[in-house]
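**Q** Here's the letter readout for the chains.
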Amino acid sequence: MKSIIIGQYIPGKGLFYRLDPRTKIIAVLLIMISVFLLETIEQLLIGLATAIVLLLIGKISILKVIKGLKPIMILLIFTFIFQIILNREGETIVSQQMYFTGYTLLLLILAFIVWRILNKLVKYRFTLFFLFAAGVFLILSYVDFGPKIAEPFTFNIYRAGLEMSFFVVVRLLIIITLSTVLTLTTKPTDLTQGLEKLMHPMKKIGFDSESFALIISISLRYIPTIFDEANKIMLAQASRGADFSEGKLKDKLRQVISLLVPMFIIAFMRSEELANAMESRNFVPGEKRTRINELYFSHRDIIATIFSFLILALAIVLKVM
Amino acid sequence: MGIRFNEVSYGYSSFAQGLYTAIKDINLEITEKNEFIALVGHTGSGKSTLAKHMNALIFPTSGTLEIFGHTITNKRNKKIKYNDIRKKVGLVFQFPEYQLFEETVEKDIMFGPMNFKITKEEAKKLAKQSLNLVGLDDSYLSRNPYNLSGGEKKRVSIAGILAMDPDILVLDEPTSGLDPAGKRILMDLFKNINETTGKTIVIITHDMDLVYQYFNRVLVMNDGHLVFDGKTEVLFQKEDLTDYHLDYPNTIKVLKYLNQELNLNMNVFQKTNAEALAEIKRAVRL
Amino acid sequence: MSYIEIKNLTFSYNEKTNVLEDVNLEINKGEWIAVLGHNGSGKSTLAKTLVGLLEPQKGEISIDGLVMNDEFAYEIRKKIGIVFQNPDNQFVGVTVRDDIAFGMENLCVPREEMLEKISFYAEKVNMLNFLDSEPANLSGGQKQRVAIAGILAMQSDIIIFDEATSMLDPFSREELIKYIKTLHQDGLTIIMITHDINEALLADRILVMNKGKVYAFEDTEEIMKKKSIFTDSHLELPVSLDLANALTDNQEYKEIREKLWEYALMK
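Chains as they are written, first to last, in this note's numbering: chain A, 1 to 321; chain B, 1 to 286; chain C, 1 to 267.
The following block holds chain A by itself, in its conformation from the complex (with noise of 0.2 angstroms):
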């Protein structure tokens, strides 16, 4: 293991490379704000077509960030399926008689096996997980026979639950293109001196940015090594029989133990011999230090800026009227 990529950053040459760090945080959470001002489906839809439109002024590729969607995406269709069931206003549009005998406990037994088998040999596992759903909701719609395990209940859907499970989706998929985009064309280290000169006013209050922002540059700096080290340490404990993909659930807490101590003695000596590099080096926390990195504001910057703020003006605007 040579590298890996930490955090989302791929390297490019778009309009949102050359943005300064400070910048892009205060546009995305500019833009948040105003998505969640926003009241009605029409102005989302708008808004979702701006991050797109977004997307392509950066020449970011959509098909990446579809991909960096991928993990929340059970987060979605959950939100999405609990604000269905959970929201009972407005007039119903769905109103579903469900049964639940004998031979729906069989049925829905088979179904999940058979999903669960399928998953191991097909790709596409979204599409299978909802016609796996819609299996379920169809047996538990029409197998009305059999011997009666549960009294039959009624399924409805609301207009006020789908408008709102959707609303709620909408923003989320906004919400998150940003950030990706954010993270897509900002380098972990530019973001965290962004992050630290944005709330270097906090001085005042006690927390120090800077050095918040060197912990955090040396923990990015370390994730390679740590990973790379954490790899070697399983290699050298399965050469022990520590084998995690054989063994008892038993066995297998002892190994993770095996596994976690190094690491952690590992890390001990490490920061121990880091902190002594850096005091040979005149580091002394909290002292004065000059920057070899600077940011720079331009004049796209400002633009910028400026089109962030007109979107939360615009929004502000709709919610009041």
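Think of the hints as simulated: they come from the structure by calculation, not from any bench.
In this text, all values refer to a predicted model and were calculated from it rather than measured experimentally.
Even for Gly, the Cβ is constructed at its ideal location relative to N, Cα and C.
Any given hint could be a false lead.
What the hints assert, rightly or not - Just a sample of chain B residues kept apart from chain A, beta carbon distances all over 12 angstroms, derived:
1. Asn-6
2. Asn-34
3. His-42
4. Asn-74
5. Glu-121
6. Leu-141
7. Ser-142
8. Leu-210
9. Tyr-214
10. Asp-223
11. Val-227
12. Asn-263
13. Thr-272
14. Ala-274
15. Ala-278
16. Ala-283
Claimed, not checked - Now the stretches of chain A that chain B is said to cover, found in silico as 3 or more residues with beta-carbon under 8 angstroms:
17. 235 to 243
18. 264 to 270
Stated by the list, open to error - Below, a list of computed lysine-lysine pairs in the DSBU-like style, where the Cα atoms sit at most 30 angstroms apart:
19. B:Lys-125 x A:Lys-252
20. B:Lys-153 x C:Lys-211
21. B:Lys-120 x B:Lys-81
22. B:Lys-33 x B:Lys-120
23. C:Lys-259 x C:Lys-225
24. A:Lys-123 x B:Lys-79
25. B:Lys-153 x A:Lys-250
With the hints as your guide, set chains B and C onto chain A.
**A** Relative to the frame of chain A, chains B and C by itself:
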């Protein structure tokens, strides 16, 4: 039996270098008895990757590997108990800190054997035996492994592998970071284990003096290829080792220098200082 | 007065045993000193007290007339830099540029000046093409060279190498030694802690530590004639000198002895 590499290559893709091939088309056989083998090569030559194949920690990307009757290919085979292989071929990593984790030396050494379903009493017995085998007495059993010196930690980590009673023992740079005396003591120990138990031992090292003095067979890795597999004497009789990125042992270098400067005709292939001294005296008397 | 003076230095981590015991040393400006000793002889502890990372129980260290104490430690560390054993545990920056800058940032050097010095010293250790590289993509030897550049950029004129080559392979070692030679030629004072007797031969004087005490501190050529110093301290002489010492003062070996010495001291 033992280990046999058939056309084994191993590659991985990395962000920095793209597709990177660590070892290429390796053919190699290591028998399970009485061998004492040095594995040498520059940094990045693939020697560590080669070693990790020997107990199936990593699988070849192409080619096959036979380890004590198990055939290892590029896919994990559910029929193979990889732990059985790890028990037969013990691999000791360079830094003992990678594996020591228990609060006493005894418990730590027992960790390996206990993973192979034996009773606690048996494991205790094995721990004691292997600790003695690496030259530490019973008083170490109750000590905390983290309070030992670098050399002692190294021995305990080796004992941890020996306790699993492997037929083949592979060690990654066991002498690095030790002072000259420590190096020799450890090498004598390996030689002794090899001779008394008949276990095959493979040692990765950069130290050509040790290679020349202790080993009969040497494997040379260079840019992912196994470029030499044979007698140590034959390797160092080669005219030029720069292609292999290797250096000569010090005795050979010094005697060559004398030959060249003083127009002598000494036999430069002397393994120890005593032998070199005898050769100088012989040459001068002539 | 010598450039570095150590008087009656005693250090211990606990009350039982002294890691350093009554160490007295004088080192001149521009000298290259090699420190040899078995594992646990106190070599690294000596290095750490020299840069003020450890505070001795007794004794005094002064560098260029400044006595090491809380008040002057900061000033002294400007003059003296240390390259540690593990290349990975001293690389603070996210990139080579950031790491070379780290010490200067602490000294509040203005940014423009930092940029100039970074280019200059990166060039000196042949790392100019790697300024944007991350440590994960550098070899151990390259990381050690970056550490040297970082120290040079702080305008230090004493560099301690605390087993800085011990985690490198033979070729990176040899390369690093070449850079240390040029540093010495530039007039820097070098203190090199090592296990490698062949590296030690390059020094002007060799200090042999044994159980926390100064066992011997003599000119390289002189000390190499005394085999007992090395055997007493669990050390080994280089092959050539071990042979030279074994060839008795007999006239017939004179020429060979001379050549063996010549070989050993080839720099």
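**Q** Which of the stated hints cannot be reconciled with the structure, identified by number in ascending sequence?
**A** Those not satisfied: there are none.
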